[in-house]
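Build out the structure end to end from the sequences listed, making use of the hints.
Here is how the chains run, residue by residue.
2 protein chains.
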Amino acid sequence: MFEATKVGRSVSKEEFKQQRDELRTQLLDAQRQLRETRIPVVVIVAGVEAAGKGEVVNRLNEWLDSRGLQTFAFWNLSDEERERPRYWRFWRTLPARGELAVLFGGWYQAPIEHRFKGLCDDAALDAELNRIVNFERMLIQDGALVVKFWFHLSERDQRRRLKELSRDDRSRWKMLPEKAHFSEHYQLFEHVAERVIRHTDLGIAPWYLIEATDSRYRDLTVGKTLLQAIRARIQQPLPMEPAPAADALNLPDSSSAQITLLDQLDLTRTLEHDEYQTALKRLQAELNELAWTAYKQRRSMVLVFEGADAGGKGGAIRRITAAVDARLYRAIPVAAPTDEEKAHHYLWRFWRHIPRAGQMIIYDRSWYGRVLVERVEGFANDAEWRRAYNEINEFEEQLVEHGAILLKFWLQVSEDEQLRRFEDRAQTPYKQYKITAEDWRNREKWPQYKAAVNEMVARTSTEHAPWSLVEGNDKPFARIKVLQTLCNRLRVALNGEDQFRSLTNRCGDEGMKPAGG
Amino acid sequence: MFEATKVGRSVSKEEFKQQRDELRTQLLDAQRQLRETRIPVVVIVAGVEAAGKGEVVNRLNEWLDSRGLQTFAFWNLSDEERERPRYWRFWRTLPARGELAVLFGGWYQAPIEHRFKGLCDDAALDAELNRIVNFERMLIQDGALVVKFWFHLSERDQRRRLKELSRDDRSRWKMLPEKAHFSEHYQLFEHVAERVIRHTDLGIAPWYLIEATDSRYRDLTVGKTLLQAIRARIQQPLPMEPAPAADALNLPDSSSAQITLLDQLDLTRTLEHDEYQTALKRLQAELNELAWTAYKQRRSMVLVFEGADAGGKGGAIRRITAAVDARLYRAIPVAAPTDEEKAHHYLWRFWRHIPRAGQMIIYDRSWYGRVLVERVEGFANDAEWRRAYNEINEFEEQLVEHGAILLKFWLQVSEDEQLRRFEDRAQTPYKQYKITAEDWRNREKWPQYKAAVNEMVARTSTEHAPWSLVEGNDKPFARIKVLQTLCNRLRVALNGEDQFRSLTNRCGDEGMKPAGG
Chain A
1 MFEATKVGRS VSKEEFKQQR DELRTQLLDA QRQLRETRIP VVVIVAGVEA
51 AGKGEVVNRL NEWLDSRGLQ TFAFWNLSDE ERERPRYWRF WRTLPARGEL
101 AVLFGGWYQA PIEHRFKGLC DDAALDAELN RIVNFERMLI QDGALVVKFW
151 FHLSERDQRR RLKELSRDDR SRWKMLPEKA HFSEHYQLFE HVAERVIRHT
201 DLGIAPWYLI EATDSRYRDL TVGKTLLQAI RARIQQPLPM EPAPAADALN
251 LPDSSSAQIT LLDQLDLTRT LEHDEYQTAL KRLQAELNEL AWTAYKQRRS
301 MVLVFEGADA GGKGGAIRRI TAAVDARLYR AIPVAAPTDE EKAHHYLWRF
351 WRHIPRAGQM IIYDRSWYGR VLVERVEGFA NDAEWRRAYN EINEFEEQLV
401 EHGAILLKFW LQVSEDEQLR RFEDRAQTPY KQYKITAEDW RNREKWPQYK
451 AAVNEMVART STEHAPWSLV EGNDKPFARI KVLQTLCNRL RVALNGEDQF
501 RSLTNRCGDE GMKPAGG
Chain B
1 MFEATKVGRS VSKEEFKQQR DELRTQLLDA QRQLRETRIP VVVIVAGVEA
51 AGKGEVVNRL NEWLDSRGLQ TFAFWNLSDE ERERPRYWRF WRTLPARGEL
101 AVLFGGWYQA PIEHRFKGLC DDAALDAELN RIVNFERMLI QDGALVVKFW
151 FHLSERDQRR RLKELSRDDR SRWKMLPEKA HFSEHYQLFE HVAERVIRHT
201 DLGIAPWYLI EATDSRYRDL TVGKTLLQAI RARIQQPLPM EPAPAADALN
251 LPDSSSAQIT LLDQLDLTRT LEHDEYQTAL KRLQAELNEL AWTAYKQRRS
301 MVLVFEGADA GGKGGAIRRI TAAVDARLYR AIPVAAPTDE EKAHHYLWRF
351 WRHIPRAGQM IIYDRSWYGR VLVERVEGFA NDAEWRRAYN EINEFEEQLV
401 EHGAILLKFW LQVSEDEQLR RFEDRAQTPY KQYKITAEDW RNREKWPQYK
451 AAVNEMVART STEHAPWSLV EGNDKPFARI KVLQTLCNRL RVALNGEDQF
501 RSLTNRCGDE GMKPAGG
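Taken in order, these protein sequences are the chains called A and B. Read in the UniProt record's numbering, the first sequence has 30 at position 30, and its numbers run on one by one without any break. Read in the UniProt record's numbering, the second sequence has 292 at position 292, and its numbers run on one by one without any break.
In short, the hints are calculated from the structure, not lab data. It is possible that some hints are incorrect.
Which copy? The list can't say, so a pair holds if one copy fits it or any two copies do.
What the hints assert, rightly or not - Within a straight-line C-alpha distance of at most 20 Å, the following computed SDA-like cross-link-like pairs (lysine to any residue) qualify:
1) K6 to R156
2) K281 to N488
3) K281 to R195
4) K117 to F74
5) K475 to R198
6) K296 to D79
Printed below as a string of structure tokens:
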């Protein structure tokens, strides 16, 4: 695969100077167009050691307008990163629309190193590469341009470079000697590299293999390649996947699901006042203990509350927060996104709030807005909300894989009950702020919302993150069911009977072991 | 001081119910007005242990609209927090305009605990309290409302509460047993508390002492007090300090400074090409080593570049970034703030980017925009830019105190040289993006900018963060002077001859020791 990168191409000083200035002008112009078209660009800089990746990055910083260009390297993981799913650190670095981010190694670095060091086998590597493919596809479908450079050297050239560097005052090799062994295992590294590139060389995000022997050729080629990629992306419309990702799943379609799910709920179920009081006191006491245990075990908890308007989300959440020490939880009501949030993928704002180890985070509405309100109101187009099912499943799998305990509640009420509550809100002064004209409008779309909910539950009720459907007409019943479900789930997970912890040893995973590990 | 909190006030169940609903309505209404008037509110919840601070916070979360209300506790410092100045974690929690943040203990927690545990004496505590006063004044002058609650119990009541809690399944005392000793040293704690309250009980940010024995009285009083504070803040104009803080300093006023500073620069100084090449190679090699040493010693570096338009900031910065491993630095060009940034104090966006330990961050333009462009163009009013001098000095002191190595460069060129460079930019294709109509407009305000620069340098050239004025007419000379200054400063600091490291042991400081500590 790398033969083409070992033919010894080079560029003379004169040629370089000649081409450089025009290239700079064109790059700056392309960057301006990126800003106008609001296309985010991710540039991955990877390759063999001593290929001069750092020099290339400095060159890009020199040629491009540094406003709207940021560079990120991924080493010494902070504990805030370690306490969250591995991809959190990458989400932190994703560029806003119209800007560029240059990533050293990016999401490729850890898997390559781990496989190279024999910490995982090819199968584990492939599984991780599959995640990478999904991740990049998601970014691209959201409008991003992903440009991946692999810098290569022949074994002879690499050895020569390393010798030079070890003499060079400015080299970092004295600082990071352990890296030197890359050269001693050139063959293995090339094997890993080839496998990684083969599995992740998507039509929508191809790898560009660059011969790095001659630095002038290397830098000019990078500049030209990036320029072409940007121009192509600006001219051609968004590359579309053949079929919406969600269709890959073999799930009941919404029409049939419509009959099978919400309608099965027995909304007539109630709970007597005394039963309620007793159960509430008992469950809140238990929940308080469980939350502290989770804190001690460093397990984070993610609770998602969705439901019909006036479905009783707030009341249920307050019965939880009243029991949990206020230092352990944070409730996040999902309102309109800020412009920084609008300038990123819709999941970005939720990655932002992922709790640290041992913390509980409660979402009052969530990322499911994508397949509910955004679908029904047409804020997201067909392709967008359809592929969201897979994006969400992948997101939640990463949470669970990291050891987070994830619960999702849907609170359902009947149309009549909703009407009663709307009227009650309209009449109670301190409830009026909760009821808006929008609520009344949404109510008219009851059937569309019902279909959306059914499909959502069908497509996103995974074994690692099942939905709990809650009969909400009787508030006491609903609140107790929520608390009961939460306590049961926490008890099982914290007793170490958690089947998903095994998932957490993946190629590329540098994160802490969950569950007090 | 606490006598008034020990008279045994209480509220009956009926009274409570009666008053609660109206209070909720009024609070929600006040919250709505906060949003409209874009006033940020910081609520500090502090006091003796077992006073029920967590219950109060839960109550506020129940009574207020949880959209625009966030709660933060400050324990288990993350290493990302430990690697930055202590106040970074507080800046992270400051509410956006129109929103509320409820802080457990906030910036009071650590100093109180440290003094209480005898880790520092009263003098050290007072020094820290002085910082708190400045910090709160800064927030308030920026438009914030700061409401501070101190919950108190008599010694008898506290002991009774603790006994109850130790029986209660839901208490956190089993989890945090070490806290129990608070009760054993009630007198000492009251001494510390009284001192803290006395020193920080500002007219603009008073403490509200709340008797916490009866939970209904406690919660109602908190609700009513908060309501009154919000209403008062909305009605009355921004509380103004008698004199602009900056005037407290005894510094030359701008008119006299105007003659003494920039005009002393000998802009005719130049460097021959050969000298330049040799010096450049030598200094870049040294800088590369020094940056790695700083990384090993976990010292972060903050470089600030300001200067006349076309003063050569970009070129000087590139000579630095070309020498430093791209994984070690980040260059931040300061462009227009995002709306999230606009919704906070102007320093917030800079606190956001403070580097982790061992990293170098380079600001191309900086927080000094407040006293330069914002002053001259009138984006900041007189009081705003005047008090900015002190705010900036305090900010920089915290950086240095934490062990960061801070350098500030002003690149000066003559009016004629600037004109030449403007014309060159207009003619060179890949430089055109750098020259805008605004640059030409600013040029006409040369005298105003000059006055602003002079006063800036005079008022913010502190011993811990002096300005380096660079003669910029000859680019080679300027670049070498910058590199030379940087290398000298780093060498001194990294050889442990850094006089400011002693500052870092302060009451309340939980941060890591800088310089490889």
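These are the hints, each one checked on the structure:
1. K6 to R156: within (10 Å within a copy, 82 Å between copies)
2. K281 to N488: This pair counts as within: shortest intra-copy Cα distance 16 Å, inter-copy 66 Å.
3. K281 to R195: So K281 and R195 fail the 20 Å test inside a copy (57 Å) and across (40 Å) alike.
4. K117 to F74: within (18 Å within a copy, 39 Å between copies)
5. K475 to R198: So K475 and R198 fail the 20 Å test inside a copy (55 Å) and across (47 Å) alike.
6. K296 to D79: Both: 16 Å inside a chain and 18 Å across chains, each within 20 Å.
Comparing the model with each numbered hint stated earlier shows that hints 3 and 5 do not hold.
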